[in-house]
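So the sequences go chain by chain: A and B. Going by the working numbering, the first sequence opens with residue 1, and the numbers climb by one from there. Going by the working numbering, the second sequence opens with residue 1, and the numbers climb by one from there.
Hints listed in this document are in silico derivations from the structure and should not be mistaken for laboratory results. Keep in mind that this is a model prediction, so the values were computed, not measured. Cβ atoms here follow ideal geometry from the backbone N, Cα and C, with glycine treated the same way. Certain hints may be false.
To be verified - Which bits of chain B does chain A cover? Going by a derived footprint, with three or more residues having C-beta under 8 Å, they are:
#1 34 to 47
#2 111 to 119
#3 168 to 174
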Amino acid sequence: MRGVLSDRMGAALLMAPLLLFLGLAYAWPFLGVVKWSFTLPTPGLGQYKALLTDDLVQSVFIRTLRIAAIVTVVSVAAAYAITVVWVRGSPAQRLIAEFCILVPFWISVLTRAFGWVALLSNRGLINTWLQSIGFISEPLTLVRNEFGVIVGMTHFLIPFAVFPLASAMRSLDDRVLLAARGLGSSRMRTFWTVFVPMTRSGIIGSAMIVFVFSLGFFVTPAILGGGRSVMIAELIYLRIFQSPDWGLGAAISVVLVLFVGALMALLFRYVRPKQLI
Amino acid sequence: MPTYRPGPVSLVIAALVALFLLMPLLAVIPVSLTPSRMLAMPTGELSLRHYRSLIEDPRWLESILLSIRIGIVSSAISTVLALCFSLGVWMFQPRFTAALVGFVLLPMVVPPVVSAITLYFLLTSISGVSSFFGYDTWLGVAMAHSVMTVPFATVLILVSLSQLDRRIDLAARGLGASVWERATRIIMPNIKFGIVTAALLSFVLSWEEIGVTLFITSVNAITLPRLMWMGLRDNIDPAIAALSVILIIITVLVLAVRSVVVRLNRGSRPV
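Just chain B, with the same shape it has in the complex (with noise of 0.2 Å):
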């Protein structure tokens, strides 16, 4: 426990940050509610069209269900690839472990743009080669979702391996386990929660990732952020202002849940 707890100043100052952090996402409520068919606030009347025209425009659906698409698809092989490579590291310690590990890490720390530029190239040389893989095709957004998001994944898999006790795999490979049994039966079983993590960390950044996208989708793959970002850049759509709201309020519920099963284990654990 903290001796000092924060005096009134701090307090104030701490709240008005909090206040600047939640303003824009409540501000988005009521523009979402207005009759009008362009960005305002309602005056007097509220109307739920934009929400009704959510489900009724089919092109919302359909970038959600590639969006949902592309994630499933990015998530589970930038898991497999950061599972494979973390194990890889974990039991064998090679030597350049750091410098391999920076490799990996790169996508996570050059500036989003730069690989932006990158994965364009890179799509646009296969297109060359292939059409359904490539530029503006779901499968190139897919590939080049798994290159940003792999770095994430293998973070939170080194992080959950490093705090495993090595004496559980020496024990196994005393016993005579093989490479294959030491991974997928002492290992992995004991790295689950953080393999589920990275999964869904994966999931959550390809759902959301627009700085690439923009650069490699044109009129075909047009995930959800990517639609959302056309209705911003021109007459700024209202429908935003709907999705938004429940986007918003999707990610509070998740986050309420999450801190409510991480206070009950904390609970049930003896400490």
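Excised from the complex, chain A in its bound form (with noise of 0.2 Å):
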């Protein structure tokens, strides 16, 4: 009985530490802003309503679910190329597909955004190049808009979407693809019909990943949409601090994470938390 007891104290002892650093600096304020959702500027549902008729937040909340969307296609089928190889390439292949992505994934957001400025503004490397060869006369628009942010984000979430496929499909089982093969079927149909299928919770749990990444989106659409092309994330930043209606972003904030609550909820029917590592 004395060492159950001890058992429960040391438990409680070693945990408690944290539970209570993030009850107060993380639970407790997060139900503050929950509060300011109701009272600000007046007690009532006044925000939530306002999310409802607002044309400017109706629209930044069409065009998030708009380019996550995209970004999610987009980084998926490219992840699934580079993990292929990184996966199941030669000894080289494999080393310099690892070297490319986790030199992205290692560097930070900020700088990985500035390096699409480098690229792709006005007096960057590709209109200076494509003009210096006579292709254009006057820069292309390529950023401050929304490819700019959707070729951003998708160059930010490409390695996170490595990570799931790449589990995937080390845990798929050889002899199957040889059983395909030795029944006939050519390469290009045991990869759409076998390996493609095998591999589907990592499929669903890299667009989960990504697609619910892309919808907190901040600093990539905030630099690459040069203010033109404003995601939530960027909505909720200029509702506190530029024209200040904290309630607003509050009630924005609540509704964001509910809605990401749910896609997760959705995401653990289906895959186990194991197989997304």
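Join the two chains into one complex using the hints; note that each chain is given alone, in its own frame.
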């Protein structure tokens, strides 16, 4: 009996500091934000009604969903292509693929967004080059619009999309592929009808991660969108700091959390968390 | 060994993706060497003036030192908290473990912008009480960064604990070791690699944190990413290109060293 008691005490003593820290520094202030959404500027459900009627908020929500969907499809497809080589290539190919995945992964989001500005802006690499070979006379507008945002976000999210895919491809049993080939299926057909369906859990997991990440994306759209292609996260920032409307900012945050929570719940019905690492 | 190697079609597509991934990192190199005061491709002559301005302009050095200080403090806080919590989970396997771990991982899964507004609420509330700890102070930023990095530290330490053989702990327990002795002399030496990785990752995440930092600083606690952000939003300062080149080189070097170390370790261990 004494042993059980001290075990409980030990566990409580070890686990309490972090739980207290996050309770006070995260859970409590989040409830404060929820409170803002109901009380600022006036108590009531006014902010949530505004979400449903305000044209600007609506257009930002729709734009965010559209960009997130496009980015998800492109990132998962691109990540799939490079993961195949990373998991199943020759040792040299694997090393190169790993380098190309991990180096961008570890470089900060600001540096990467800046790299795209350097490439895509009016006096950037691509426009300078196209003009010097006489292909265009006026610089193309590649940045400070939705195109720039999609390119930058895709670039940021490909490495994140790779990990669930790699885990699914590693756990695939090679003998299945051998059997398909032995039964006379072509390489292409084996890939599309055996390999891809068998990595489905990785595809779902990776698409969910990318989609959820894109919904709350802030830095890349703010830099590459140049204020013209505002997404939800930047809208929250603007509502807090530029047109102080804390209540609306808080209400959008609450809706975003609920939406992401619902998506995650859906994800875990199909994929076990372990398959995502 | 995989039986099927990727064919020529997949290799070509993968190469295009690889090019896409590296392109923006390579693009900053020529920009950093431009003699122009604005963002542009160098035409003709090259110049190191933007590298020089990194050293000569005290703002860059100040923000680098501030970022290092915040990184060390927040990494220490989050590693210690994550280590204690993980030891509690592993040694005592309390009920509701899954729910408690889920709670700890929240700052990692909640959209960063929501964490940002949450921490903004926290620090502005604290500011009303204390002026050196709260909104736009370095201690406030360090605490906010600890909140954001502690889930990652916890995951890493829990993963390395999950690979530990429980029988060594049982043996220590059977021989009469106290909880403290088991933790510090049996378990921690065996997961030291995981603990160090957790501390390093926490530092790196704090070093490059921008989403939350933007919400909780204005003029005093200007970390390096915050300073870069200011230079990126208005007139783009090519000094950022020079800084980016340096950061990219450091990243590549660290990754190269790490992969060599991993390879050597693998080689020395009997398989």
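To see whether the hints hold, each was checked on the structure:
| no. | hint | result |
| --- | --- | --- |
| 1 | 34 to 47 | holds (count 4) |
| 2 | 111 to 119 | holds (count 9) |
| 3 | 168 to 174 | violated (count 0) |
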